[in-house]
Amino acid sequence: MLWFVSTILFTLATFGLELWEGNKISTTEYYGFQNIGFVFIFLAFLFSAVLYPIIIFPFSWVVRMVANPLITRIMILLLSGIGGYVFFYKAYDERFIQEYHLNSSIAIILFGIAGSIYVLVDYYLDQRS
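In this note's numbering, the protein residues as written are 2 to 130.
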């Protein structure tokens with residue numbers, strides 16, 4: 002269940018970042034939603050679907066073995082914001098960031114919101130079981 006939730010949330014965060022910041026880039030050198038359309042969303046979905054079993058699930062499983070679930074949720078929340086920051090600088094070239102005045106804070110906020118919703122769903126499912 003959490004795999005599906007994380008995939009949807011981080012795809013939406015990626016798409017939101019693209020709409021908010023990526024649409025400022027008006028050159029054909031950058032292939033974003035304006036250029037490749039829904040292929041961009043599909044690639045974000047595919048990346049998010051692969052990200053969960055490789056990084057998020059093993060990390061949360063190992064940390065839960067050692068720490069309190071609250072600590073795990075706080076770490077996931079913080080790491081999602083940091084992940085947004087890293088994704089921003091991987092997705093947008095430094096030249097685009099300076100030339101089009103792109104703001105990395107938007108990535109941190111959007112991915113942080115996605116992480117918050119993920120943590121809330123995790124808490125809800127944990128309470129239900």
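If you are wondering where the hints come from, they were derived from the structure by calculation, not from laboratory data. Incorrect hints may appear among the rest.
[Claimed, not checked] If you anchor each label on the Cβ, the simulated ranges turn out as follows:
hint, residue 1, residue 2, range
1, 67, 100, 37 to 47 Å
2, 27, 62, 21 to 31 Å
3, 76, 5, 34 to 44 Å
4, 67, 117, 38 to 48 Å
5, 66, 102, 42 to 52 Å
Ideal Cβ placement from N, Cα and C applies to all residues, glycine included.
Hint by hint, here is what the structure shows:
At roughly 45 Å, the beta-carbon separation of residue 67 and residue 100 lies within the given 37 to 47 Å, and the hint holds. Distance hint check: the CB atoms of residue 27 and residue 62 are about 43 Å apart, inconsistent with the given range 21 to 31 Å. For residue 76 paired with residue 5, a C-beta distance near 21 Å fails the hint of 34 to 44 Å. Range check, residue 67 to residue 117: about 23 Å between beta-carbon atoms, so the 38 to 48 Å window is missed.
Between residue 66 and residue 102 the C-beta distance comes to about 44 Å, which sits within the given range of 42 to 52 Å.
Hint compliance for this structure: hints 2, 3 and 4 are not met, and every other hint is.
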